[in-house]
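Sequence lines, in order, name chains A, B and C. For the first sequence, the numbering used here assigns the number 1 to the initial residue and increments by one for each residue that follows. For the second sequence, the numbering used here assigns the number 501 to the initial residue and increments by one for each residue that follows. For the third sequence, the numbering used here assigns the number 841 to the initial residue and increments by one for each residue that follows.
Where hints are given, some of them may not hold.
Taking lysine-lysine and the DSS-like style, the derived pairs with C-alpha atoms no more than 30 angstroms apart in a straight line are [said to hold, decoys possible]: (1) Lys1169(C) with Lys386(A); (2) Lys386(A) with Lys317(A); (3) Lys54(A) with Lys648(B); (4) Lys122(A) with Lys648(B); (5) Lys122(A) with Lys111(A).
Non-contacting residues of chain C with respect to chain A, defined by C-beta distances greater than 12 angstroms in every case (computed) [unchecked claim]: (6) Met867; (7) Asn869; (8) Ile934; (9) Pro1005; (10) Leu1048; (11) Val1051; (12) Phe1180; (13) Glu1183.
It should be emphasised that the hints constitute simulated quantities derived from the structure, not laboratory data. All residues carry an ideal CB built from backbone N, CA and C; glycine is no exception.
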Amino acid sequence: MTATANPVPLVALRDVWKVFESVTVLRGVDIDIRPGRVLALLGGNGSGKSTIVKIISGAYQPTAGTIEVQGAPAVLAHPSDAHAKGIYMVPQEPHIFPNLSVMENLTAGLKGDTAANNARAKAAAHEIGLDVDFESPGGELSIASQQLVEIVRGLLRNARVLILDEPTSSLTRREVANLARQMEQLKARGIGLLFISHRLNEVLELTDDTQVLRDGRIVLNAPSSALTTDMLVEAMLPADFSVPAEEVSRRERRTGDSAVLSVRNLSSRLFKDVSFEVYPGEVLGISGVVGSGRTELAEAIYGIDPFVSGEVHIAGKAVPRRSPQISQAMGLSYVPEDRHAHGIFLALPSSQTVTAGLLSLGRSRFMQREHERSLTQDFIQRLRIKLSSPFQVARTLSGGNQQKVVLAKTLAPGPRAIILDEPTRGIDARARQDVYRTIRELTAEGVGVVVISSEVGEIAEVADRVMVMRRGRLVALPGGPKTVEQISAATFAANGAAAA
Amino acid sequence: MKKILKSREFLVLALLVAMILAVSTVNAAVLRPLTLINIVNSSLFLVLIAIGQMFVVMTRGIDVSVGAIAGLSAVIFGMALNAGIPLPLAMVCALLTGLVCGSVNAAGIVFVGIPPIIMTLGTLGAYRGLMRVLTGGSWIESIPQSIKTLAVTRYMSVPLMVWAVAALIIVLAILLSRIKAVRNFYAVGDNREGAYLLGINVRATEFTAYALAGLFSGAAAIVFTGQIGFVPMQTGSGQELKAIAAVVLGGVSLMGGTGTIWSAVIGALFLTTVDSMMIFLKVPGSWNNAVAGAVLLAIVVFDYLIRRAVRNRQLAMRAAEMHHAEQDHDTRLQPREAVR
Amino acid sequence: MKAAAVFKSWEFMLAVVLVLELLVLGMINPAFLNIENLLFSTSDFAHVIIAAIGLTLIIMTGGIDISGVSIMGLASIVLGLAFIAGVPIGFAVIIALGVGIAAGAFNGAVVANTDVNPLIVTLATLFLYAGIATGLPTLLDMLGFQAYGAGGFEAYQYEGITGLPKAFTWIGSGRIGWVPMPLVVALLLAAVATWVMLFTRFGRYLKLIGVSPAVAHFTGVPIKRTLVTVYAMNGFAVAIAGLVLTAYLGSARSDLGSEALLSIITAVVLGGSSIYGGQGSVIGTLLAGFVLGFMRQGLLALGISSDVVPVIIGLLLVGSVALRIGLAKLSTARANRAAFAAEQMAVEGNGGRS
Chain A
1 MTATANPVPL
11 VALRDVWKVF
21 ESVTVLRGVD
31 IDIRPGRVLA
41 LLGGNGSGKS
51 TIVKIISGAY
61 QPTAGTIEVQ
71 GAPAVLAHPS
81 DAHAKGIYMV
91 PQEPHIFPNL
101 SVMENLTAGL
111 KGDTAANNAR
121 AKAAAHEIGL
131 DVDFESPGGE
141 LSIASQQLVE
151 IVRGLLRNAR
161 VLILDEPTSS
171 LTRREVANLA
181 RQMEQLKARG
191 IGLLFISHRL
201 NEVLELTDDT
211 QVLRDGRIVL
221 NAPSSALTTD
231 MLVEAMLPAD
241 FSVPAEEVSR
251 RERRTGDSAV
261 LSVRNLSSRL
271 FKDVSFEVYP
281 GEVLGISGVV
291 GSGRTELAEA
301 IYGIDPFVSG
311 EVHIAGKAVP
321 RRSPQISQAM
331 GLSYVPEDRH
341 AHGIFLALPS
351 SQTVTAGLLS
361 LGRSRFMQRE
371 HERSLTQDFI
381 QRLRIKLSSP
391 FQVARTLSGG
401 NQQKVVLAKT
411 LAPGPRAIIL
421 DEPTRGIDAR
431 ARQDVYRTIR
441 ELTAEGVGVV
451 VISSEVGEIA
461 EVADRVMVMR
471 RGRLVALPGG
481 PKTVEQISAA
491 TFAANGAAAA
Chain B
501 MKKILKSREF
511 LVLALLVAMI
521 LAVSTVNAAV
531 LRPLTLINIV
541 NSSLFLVLIA
551 IGQMFVVMTR
561 GIDVSVGAIA
571 GLSAVIFGMA
581 LNAGIPLPLA
591 MVCALLTGLV
601 CGSVNAAGIV
611 FVGIPPIIMT
621 LGTLGAYRGL
631 MRVLTGGSWI
641 ESIPQSIKTL
651 AVTRYMSVPL
661 MVWAVAALII
671 VLAILLSRIK
681 AVRNFYAVGD
691 NREGAYLLGI
701 NVRATEFTAY
711 ALAGLFSGAA
721 AIVFTGQIGF
731 VPMQTGSGQE
741 LKAIAAVVLG
751 GVSLMGGTGT
761 IWSAVIGALF
771 LTTVDSMMIF
781 LKVPGSWNNA
791 VAGAVLLAIV
801 VFDYLIRRAV
811 RNRQLAMRAA
821 EMHHAEQDHD
831 TRLQPREAVR
Chain C
841 MKAAAVFKSW
851 EFMLAVVLVL
861 ELLVLGMINP
871 AFLNIENLLF
881 STSDFAHVII
891 AAIGLTLIIM
901 TGGIDISGVS
911 IMGLASIVLG
921 LAFIAGVPIG
931 FAVIIALGVG
941 IAAGAFNGAV
951 VANTDVNPLI
961 VTLATLFLYA
971 GIATGLPTLL
981 DMLGFQAYGA
991 GGFEAYQYEG
1001 ITGLPKAFTW
1011 IGSGRIGWVP
1021 MPLVVALLLA
1031 AVATWVMLFT
1041 RFGRYLKLIG
1051 VSPAVAHFTG
1061 VPIKRTLVTV
1071 YAMNGFAVAI
1081 AGLVLTAYLG
1091 SARSDLGSEA
1101 LLSIITAVVL
1111 GGSSIYGGQG
1121 SVIGTLLAGF
1131 VLGFMRQGLL
1141 ALGISSDVVP
1151 VIIGLLLVGS
1161 VALRIGLAKL
1171 STARANRAAF
1181 AAEQMAVEGN
1191 GGRS
């Protein structure tokens, strides 16, 4: 099954399933973490990576399947169980207690003599290259140092398995190179590492084995040296991802059209000097990895974060003051990246999410149940939403249907332009095709669409024009539609290459 | 040292001193040692329940039943003394009552998952009702002399109770800085998920916080009963809200993770002093609550403004850090080479 | 709503509990079931229901306002003082209600513009408003206002202001047909609040904010405006509660209603509102208010000491929340099991590709 000879993995998952809120996230996953090797776990947003991480680190329990630690079945009911068995997770956002000192942060949760713990912490910190003032507050550490704090915490617990969840997503290039050296050192000590990342080049350079997760299943399992970026991209694409970009009829921009959305010199803390225009009936694809500033850009344009400089024009009119209400009233809608946190009212009937965007526009001042029902019914048919009734509670829907409900909410006001941020994150292949079809229908109606995605295949499929977001800068790829290879080269190249 | 000067506790302490000095320009009697001693003496009850409340608020919880627990403990204490139980044993009874009441709160909140405000509001009613049921609604009087003697005894003109509570606070402060598990309160309040993933027993920590809140309310009951020599039905009534106000005033954030025992002590002293100052300013006592409320509101809003400024600065710093790294990178590698 | 859903609703359960309660109390003491007595006894707790209706709207947004009990006293004393100062009673009522709305709106403004926990904001204003209420008489004296009669306003610092005109006390002691006025006011407010919740855009905003402030923000809900408005509405409701109680007791006092906090919150929570927001109904609060009110009456009628009442209310509060938590956990577990079984079936049907 695996290419490596090492017989007993430090940690293994065997046919692990996980169901949350009636949604199946993992569908029988097998994973092997071996001593002295780095295993990369790769997958699109919502593919189930973070759930696997939480199961291995004891924060979640699998619905079915077993966890083996050094060959023996184990129950990890609590993170401290995982720690006791030598497993430690370095989370994507390091858990730093800003009000405690660095030393207290390092030793938090450790049992035993304080002086001895402090001495060990100092030694471990020195070994790993964490040279900071141990008495300064944790809140003053840089992100890279915070991550090292987490690694030291793991070492202090005598971890034999370290899980690095997106460790490079907010590191500078030099910090990534430093991290790579530390990983080599850890490997040499026989520690097994699980490395989670979006950056394909990093995965190929820093890891020994790679497993790719898609829709809750492992779809690729091979030594990293035998893989290429293209193979990874292909593995992450949905199984029936077949529509070639060229076959879709694309609307030519007519010379007389004026832009429905135009962004001029927009800058904030996380992106600099961004300008672009979107014309009626076209799809502008913005490709960018996590941390590139793409979501911050979308939220700034839509008005979530008003503290930016620059101008936004919607349908030819300057936006006087950025706010979601004003954007919607002027004809710009936004489908946010994080569906549960920002998109859908999980605890309410789906119909109430669908009509929510209409309320602030002054329409349907008096809630009419029949009106709400028929409007929702229209969208159920148009977007092929699977609902037992328009009033089915959103929480009980699958991810794809939830996303369609969010899409219905943003389409209900009849926008001139729409920004879709990771529109197919964590949804199944059929729902994905429905979303793409809806995008095509919108462009046929003359709506200007912006699709932001970290899946290059998605950009290749839907975009008439491609721009790439990298570290807060937006760069256009000249010409029309692009292939997966062209986009991934531009998206990943500048971010990858860990060792300088 | 710089850290102490910048702390909220110090700010409130400075405000407290400033307030006393300001009032002394109107009425110099404030500065008499006896006045100050009396203020401290009358703050003891609030200081103790505020310390208990501090543990709860540090973990992002809230306990509005501490006043009722103090009342119930005082009733048990009084009944025990009247039943002829020796003083030390009666004290243990009062403390145990507090501990049990606090543990009941903790069980509902930690094991059943009832929101803290609901659980403790419910037990607030229950404990206060129980207090009346036990006594038939009448005050407990004729408490043995032994406890009252304790209250009137003074060393160097400072009441024994003040010495005792001061000693308790100092011992606690030392213990809290030495015991490692204390950090768990901060960790749980600061970042509950993070604490859990670090293997800290979040449930045990929260349970302990509510149990301690009960225990300190029991201690407050002993002090109260000793000071006034009987147990009225109003014992502790309304004090739960003052205790919360005191700890928040002293710098324990309701978002958890901050605060020390000094927050509770200084916050409670401040609120008590406000009450006394009103007398010296000849402001009718009816304004006490208004002033306490206005001060609490001003402090929490001010705290919000400061936190917002700090957060913005941190974000800007991180952005600048990334920006520099990017420029550094730009000069070494041409990023454009990626775009073919 | 389908018939089955109605029978399974929390409100229906409360209605059943209310009927059972009346029956049991009636069986023990038949005099209790006298309709006229029963209706008249609602005057003792109508103010709790009125205040609870206002609080229901706030709790719907995931907020809370515990300062309502102080606003009750504030409205009462403002009315009384205005009356003593010679303001016509109708105008005095308007001033008192205006003060209630302003006090509520102030709470809302602080809650909406800072991230300070609403519990703490309103804890501070609980003290602030209570202090203003007790301090107001002396303030008026200091400002040189003239009161009727000797002794100035100070005499009313802790004393009730009596002698209010009949036209006003009728709100508390009058009746329309058999229905006493306080109950009429409570039912009227409940009807208005239900209409707001079910049929207005504003009512929907309250729910959306309660379910998820972040999603509401992304959807374009005007969060700040909505919050200030709903806290102001609560201020209005508790001011009405204060005036109704003032009229019923025939005395305007600054400490009016200060005992009611536990009962008010219990009525809201027992009525099915979630303290985390987004869930609950005005009808539920109304029914729970009756359950609590009649229970107190019934226990007293049975000769049980009033001391036991808060114990029972407290246990009810905790018990009802625990019950709801338990039911929710059960249904989630059941739904997850069903989803897992369905998924596994689907995989086996597919020929078990792994």
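Tested hints:
1. Lys1169(C) with Lys386(A): At roughly 26 angstroms apart (the allowed maximum being 30 angstroms), Lys386(A) and Lys1169(C) satisfy the hint.
2. Lys386(A) with Lys317(A): Violated, at about 38 angstroms.
3. Lys54(A) with Lys648(B): violated (59 angstroms)
4. Lys122(A) with Lys648(B): Roughly 54 angstroms separates the two Cα atoms, so the pair is violated.
5. Lys122(A) with Lys111(A): holds (16 angstroms)
6. Met867: holds (40 angstroms)
7. Asn869: Given a closest Cβ separation of 43 angstroms, the condition holds.
8. Ile934: holds (28 angstroms)
9. Pro1005: holds (39 angstroms)
10. Leu1048: violated (6 angstroms)
11. Val1051: violated (5 angstroms)
12. Phe1180: At roughly 4 angstroms from the nearest Cβ of chain A, Phe1180(C) sits no farther out than 12 angstroms, so the non-interface label is violated.
13. Glu1183: Answer for Glu1183(C): violated, closest chain A Cβ roughly 4 angstroms.
Hints 2, 3, 4, 10, 11, 12, 13, counting from the list given before, are not met by this structure.
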